[in-house]
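Asks: Sequence:
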Amino acid sequence: MKSFFCTLLVCALVLVNGCDKPKDTAAQSGGTPSEAKANGTIGVSLLTLDNPFFKVIGDSITAEGKKRGYDTIVVSGDKDVAKQSNQIKDFIVKRVSAIVLSPCDSASILPVIQEANAAGIPVFTVDIPCNEPGVKIVTQIATDNYGGGKEAGRAMIEALGEAGGKIAILHFKQAESCLLRVKGFREVVDAHNAAHPGAIQIVTELESGGAKDIGYKAAEDALQSHPDLRGIFAINDPAALGARAALEKAGKTQQVMLIGFDGQPEGKQAIKDGKIYADPIQFPDKMGVQMVDAIVRHSKGETLPPQILIPTSLYRKADGEKDLSLK
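Mapping of the sequence shown onto this note's numbering: position 126 corresponds to residue 126, and the numbering continues sequentially without gaps.
Derived by calculation from the structure, the hints in this document are not laboratory data.
Please read all numbers here as calculations on a predicted model, not as lab measurements.
All C-beta atoms, glycine included, are put in the ideal place defined by N, C-alpha and C.
Keep in mind that the hints are not guaranteed to be accurate.
Label-pair ranges, simulated between beta-carbon atoms [as the list claims (entries may be wrong)]:
{"id": "1", "residue 1": "PRO133", "residue 2": "LYS249", "range": "26 to 32 Å"}
{"id": "2", "residue 1": "LYS67", "residue 2": "LYS173", "range": "35 to 41 Å"}
{"id": "3", "residue 1": "ASN39", "residue 2": "LYS89", "range": "18 to 24 Å"}
{"id": "4", "residue 1": "HIS196", "residue 2": "GLY301", "range": "32 to 38 Å"}
{"id": "5", "residue 1": "ASP213", "residue 2": "ILE73", "range": "15 to 21 Å"}
{"id": "6", "residue 1": "ASN39", "residue 2": "ALA318", "range": "42 to 48 Å"}
Hey, can you work out the whole structure from these sequences and the hints?
Replies: So, in structure tokens, the structure goes:
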């Protein structure tokens, strides 16, 4: 009988150890993704999701966040400050781990950012900065919009050649990023005119809304006021594509040189097809990845620089012809 109980005890120990081993193996390998402990939720409110550029940012944050153990909520501010403010309030109620936003209006959004600051939720901005006093932004991740605006200015000078001429700017003054693009553009044109007086004249600056339909109307108005217009700088691809449609309707595609900004697939295709002269292109996928990396670093106590800028790259027809992603 004693021998029988000893045998049962040995078998029981073997079974217990046998059940424990798979757990030890899983722990050493880091476990399955479903077992990984989530780091929380990132709340993302973007200027608009109608613009593919912002959709790429949102998708990139979501994908990278998943890799790093975060859930992500991405919503569209639809260029409406009140709507975006309510979205951020909702993030605060949900106690998200971090808030990422591209402000619909950098000044008007201040009160709700202050609410997030008071709640102890770190706030980051992407693409569009908030440089207003009285709020705490961990870091701003964006395109070097000022440098990109300078590239756009050089592209316009190149496109017009020695003849120069009158040009229009299709703006979106609501966005700080676009203010920086136009600032850089104007500085390069002004420097060119200092060496070549009167070569390029900025004759009008119109609101484009950063959208095709408003860009179309703005370009149409510019052409009506200045039939001899020679160039248009549009602050993003949707506005540039709207302007292109207006040029086609007016029969002035050969007369007016068009410079865009962004490098969205539709914009790149238009450059390859000779419909837009060039774009300083952005890298929204990189912005999303770097944003999640910044959130992780901040959560570990690292001090981040006030802004992390990603340079643009000028994209011309020759680049489009080598681009295998295009038709």
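Asks: Look at each hint and say if it fits the structure.
Replies: Structure-based check of all given hints:
Separated by about 45 Å at the C-beta atoms, PRO133 and LYS249 break the suggested range of 26 to 32 Å. Between LYS67 and LYS173 the beta carbons are some 37 Å apart, a value that agrees with the proposed interval 35 to 41 Å. Between ASN39 and LYS89 the Cβ separation comes to about 22 Å, which falls inside the hinted range of 18 to 24 Å. Checked against the hint of 32 to 38 Å, the pair HIS196 and GLY301 fails, with Cβ atoms roughly 53 Å apart.
The supplied range of 15 to 21 Å is broken by ASP213 and ILE73, whose beta-carbon atoms lie about 29 Å from each other. A C-beta distance of roughly 44 Å is found between ASN39 and ALA318, which places it inside the suggested range of 42 to 48 Å.
Hints 1, 4, 5 from the list above are not met by this structure, while the remaining hints are.
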